[in-house]
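Can you build the whole structure from these sequences, using the hints too?
Take the sequence shown: its letter number 144 is residue 144 in the working numbering, and every next letter is one higher.
Just so you know, these hints were derived from the structure itself, not from any lab. Treat the hints with care, as some may be off.
[As the list claims (entries may be wrong)] Straight-line alpha carbon distances no greater than 35 angstroms define the calculated DSBU-like cross-link-like pairs of lysine-lysine that follow:
| hint | residue 1 | residue 2 |
| --- | --- | --- |
| 1 | K77 | K150 |
| 2 | K168 | K101 |
| 3 | K90 | K190 |
| 4 | K76 | K90 |
[As the list claims (entries may be wrong)] Across the chosen pairs, the derived CB separations fall in these ranges:
| hint | residue 1 | residue 2 | range |
| --- | --- | --- | --- |
| 5 | Q112 | H181 | 27 to 37 angstroms |
| 6 | Q113 | P182 | 13 to 23 angstroms |
| 7 | G103 | K168 | 22 to 32 angstroms |
| 8 | D117 | P182 | 10 to 20 angstroms |
| 9 | K147 | E53 | 34 to 44 angstroms |
| 10 | A178 | A111 | 31 to 41 angstroms |
| 11 | Q113 | A178 | 18 to 28 angstroms |
| 12 | K101 | P41 | 16 to 26 angstroms |
| 13 | N55 | G103 | 28 to 38 angstroms |
| 14 | S119 | K90 | 26 to 36 angstroms |
What you are looking at is a predicted structure, and each value in this text was computed from that prediction instead of being measured. A virtual CB, placed ideally from N, CA and C, is assigned to each residue, including glycine.
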Amino acid sequence: MHRAAILCGILIAASAENDAAQSRSAIEPLPEVPAHLAFVPADVAERMLELAEVNSHDVVYDLGCGDGRVAILAAKKYGARSVGIDTDAKRIAEANANAEKAGVANLVRFAQQDTIDTSEATVLTMTIPQSAAWLNRNTLLNPTVTKPLKPGARIVTNFVAGSMKDWKPDRVDHFTDASGHPRAILYLWKISGTA
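In structure tokens:
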């Protein structure tokens with residue numbers, strides 16, 4: 001449920017900036033995330049970062065970071081600064097411990113909060129299972145996620161079941177393992193303009 005809370009917080013904070021009258025009740029809660037889908041598999045996390053073409057100049061924000069694996073991988077493999085956001089204090093503690101073990105605590109920061117300013121992000125990652133129908137009902141998502149991001153920023157999602165309504169991805173990646181078995185459907189959006 002922590003991923004849902006993060007995304008709802010972002011939507012609310014950004015829409016409040018656009019319209020002070022907008023209230024939390026305008027965004028439906030995301031469906032409960034099944035336990036077996038709560039964490040991004042390591043190979044899927046790696047593919048998400050490859051798809052975004054992460055490099056050492058990037059600042060990667062992972063919304064609903066869980067145990068921190070996406071943010072930690074971005075720091076360890078690419079030397080990128082990373083920020084992981086989650087509402088679950090246990091996950092944040094686990095993520096901090098994992099960053100220490102991986103030797104990248106100097107590049108990674110984890111925060112327990114339900115709203116976030118993503119304006120520093122050059123890459124935004126999200127993994128939100130069961131989200132397609134929810135995204136289609138909550139059309140505020142597009143401007144509220146993209147407005148703080150600068151031109152050239154990339155968004156990569158592992159939405160498991162569908163794309164964002166009326167916001168066509170720049171690339172859809174049907175990621176398979178070495179044996180050709182489906183692992184995830186990943187979506188990449190690039191914020192238009194020049195960096």
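Here is how each hint holds up against the structure:
no.	hint	result
1	K77 / K150	holds, 24 angstroms
2	K168 / K101	violated, 38 angstroms
3	K90 / K190	holds, 32 angstroms
4	K76 / K90	holds, 22 angstroms
5	Q112 / H181: 27 to 37 angstroms	holds, 35 angstroms
6	Q113 / P182: 13 to 23 angstroms	violated, 34 angstroms
7	G103 / K168: 22 to 32 angstroms	violated, 39 angstroms
8	D117 / P182: 10 to 20 angstroms	violated, 35 angstroms
9	K147 / E53: 34 to 44 angstroms	violated, 22 angstroms
10	A178 / A111: 31 to 41 angstroms	holds, 35 angstroms
11	Q113 / A178: 18 to 28 angstroms	violated, 38 angstroms
12	K101 / P41: 16 to 26 angstroms	holds, 19 angstroms
13	N55 / G103: 28 to 38 angstroms	violated, 19 angstroms
14	S119 / K90: 26 to 36 angstroms	holds, 28 angstroms
Going down the numbered hints, you'll see the structure goes against 2, 6, 7, 8, 9, 11, 13, while the others check out.
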